[in-house]
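> Sequence:
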Amino acid sequence: MSLYALARPLLRAITPEQAHGLAIAAMRRGLAPRYAGRDNPVLNTRLWGMDFPNPIGLAAGFDKNAEVVDAVLDLGFGFVEAGTVTPRPQPGNPKPRLFRLEEDEAVINRFGFNSEGLAPFVERLSARRKAGRGGIVGANVGKNKESTDAIADYVAGVSATAGLADYLVCNISSPNTPGLRSLQAREEMAGLLRAVLETRNSLQPEACARPPLLVKVAPDLDDAGLNDVAAVALETGVDGVIMGNTTLSRPDSLKSAHKGETGGLSGKPLMALSTERLAALYRLLDGRLPLIGVGGVASGADAYAKIRAGASLVQLYSAMVYHGPDLVMRIKSELAALLKADGFTHVRDAVGVDAR
Numbered sequence: 067m068s069l070y071a072l073a074r075p076l077l078r079a080i081t082p083e084q085a086h087g088l089a090i091a092a093m094r095r096g097l098a099p100r101y102a103g104r105d106n107p108v109l110n111t112r113l114w115g116m117d118f119p120n121p122i123g124l125a126a127g128f129d130k131n132a133e134v135v136d137a138v139l140d141l142g143f144g145f146v147e148a149g150t151v152t153p154r155p156q157p158g159n160p161k162p163r164l165f166r167l168e169e170d171e172a173v174i175n176r177f178g179f180n181s182e183g184l185a186p187f188v189e190r191l192s193a194r195r196k197a198g199r200g201g202i203v204g205a206n207v208g209k210n211k212e213s214t215d216a217i218a219d220y221v222a223g224v225s226a227t228a229g230l231a232d233y234l235v236c237n238i239s240s241p242n243t244p245g246l247r248s249l250q251a252r253e254e255m256a257g258l259l260r261a262v263l264e265t266r267n268s269l270q271p272e273a274c275a276r277p278p279l280l281v282k283v284a285p286d287l288d289d290a291g292l293n294d295v296a297a298v299a300l301e302t303g304v305d306g307v308i309m310g311n312t313t314l315s316r317p318d319s320l321k322s323a324h325k326g327e328t329g330g331l332s333g334k335p336l337m338a339l340s341t342e343r344l345a346a347l348y349r350l351l352d353g354r355l356p357l358i359g360v361g362g363v364a365s366g367a368d369a370y371a372k373i374r375a376g377a378s379l380v381q382l383y384s385a386m387v388y389h390g391p392d393l394v395m396r397i398k399s400e401l402a403a404l405l406k407a408d409g410f411t412h413v414r415d416a417v418g419v420d421a422r
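Numbered per the working numbering, the sequence shown spans residues 67 to 422.
Note that these hints are calculated values from the structure, not bench results.
Backbone N, C-alpha and C fix where the C-beta goes; we use that ideal spot for every residue, glycine too.
It is possible that some hints are incorrect.
Computed list of lysine-lysine pairs in BS3-like fashion (alpha-carbon distance at most 30 Å, straight line) [as the list claims (entries may be wrong)]:
id, residue 1, residue 2
1, K161, K321
2, K161, K325
3, K325, K211
4, K161, K211
Quick list of simulated restraints, FRET-style, between CB atoms [stated by the list, open to error]:
id, residue 1, residue 2, range
5, K406, D117, 34 to 40 Å
6, E169, E264, 43 to 49 Å
7, R396, T81, 25 to 31 Å
8, E254, A367, 44 to 50 Å
9, R95, E168, 37 to 43 Å
10, E169, E83, 16 to 22 Å
11, G115, T328, 28 to 34 Å
12, G245, L97, 24 to 30 Å
Using the sequences and the hints, build the whole thing.
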């Protein structure tokens, strides 16, 4: 029996947010498992000039303040995304704001970008960079709740983290910051992306490599919204899109007493919606931009479905609440077996085969 299985009854006896805090504290103290060894070569992939040992990453939201990036990588992830970080510290929404939907293997959160702000986030990324730490790390940036100039907040986030992260993400799809999702509208998104790309492109090459910049959009976008995302992504020259974030929808299948809580739903019930929207976006882009698929991944088969729907990389988070850190190694093993069974020698060869 794993350490997580032994600890889970204790974790269920405290609030979900307290459990999350304990997990971060344990990882800071080196108490998380470490998995050594090379990944199966079929899982290796190259994107944006970077070699990913495997396509399975940890989504933003777990390590909001970049406290345990290296401990997360040690779990076997191919990459990790820290954040969402806001320029200035903010407490987020009142507690309780995180709910387990046990019967549904789902989570609802309404955190509202609780963040320590850019200063400690940048300090931690800078320290690991100076120490020569390896691994692919993304920085996910957002806006402060009270900001009247959203673009300025995203520009500040990109400017501060561009020299310290391997890729950057503008999160414009959280449902828990008032007005944030309006930035997904065509004109607003175009203005935002042009501004942050100009900031990224203004960096001197000798001072900092220009990391790829992605935008994270919601699985709740309808076809017209997806059309706008695809058009703006291609017009502005953004480097990729993450589909998606949590959903405001509530499937009829939900059983938990918490299903009516306000906030974004993630976990198993999100898999079908997020994968369908991923495939639709892949078809609109005609494979011209890399996509990261996130939402509902809890097995190798789930990850494989995202890849076949158009994802070059896959992220997860909520499933670890129910399956623990060993899940990463299991997903990689299952995914490698599925790829080989279908005759693929590289994961990239399977990208989008069901969506073409």
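> Decide, hint by hint, whether the structure agrees.
Verification of the hints:
Distance restraint check for K161 and K321: the Cα-Cα separation of roughly 23 Å lies within the 30 Å cut-off, and the hinted pair is therefore satisfied. For the hint pairing K161 with K325, the CA-to-CA distance comes to about 17 Å; that is within 30 Å, so the pair holds. Taking the CA atoms of K325 and K211, the gap is near 25 Å; set against the 30 Å cutoff, the hint holds. Distance hint between K161 and K211 is fulfilled; the C-alpha atoms sit about 16 Å from each other, no more than 30 Å.
Here the CB-CB span from K406 to D117 is close to 20 Å, at odds with the stated 34 to 40 Å. Taking the beta carbon of each, E169 and E264 are about 48 Å apart, inside 43 to 49 Å as hinted. The hinted window of 25 to 31 Å between R396 and T81 holds, with their beta carbons roughly 27 Å apart. Range check, E254 to A367: about 37 Å between beta-carbon atoms, so the 44 to 50 Å window is missed.
A beta carbon spacing of about 28 Å between R95 and E168 contradicts the range 37 to 43 Å that was offered as a hint. For E169 paired with E83, a C-beta distance near 20 Å keeps the hint of 16 to 22 Å intact. Between G115 and T328 the beta carbon distance is about 41 Å. The supplied range of 28 to 34 Å is therefore violated. For G245 paired with L97, a C-beta distance near 40 Å fails the hint of 24 to 30 Å.
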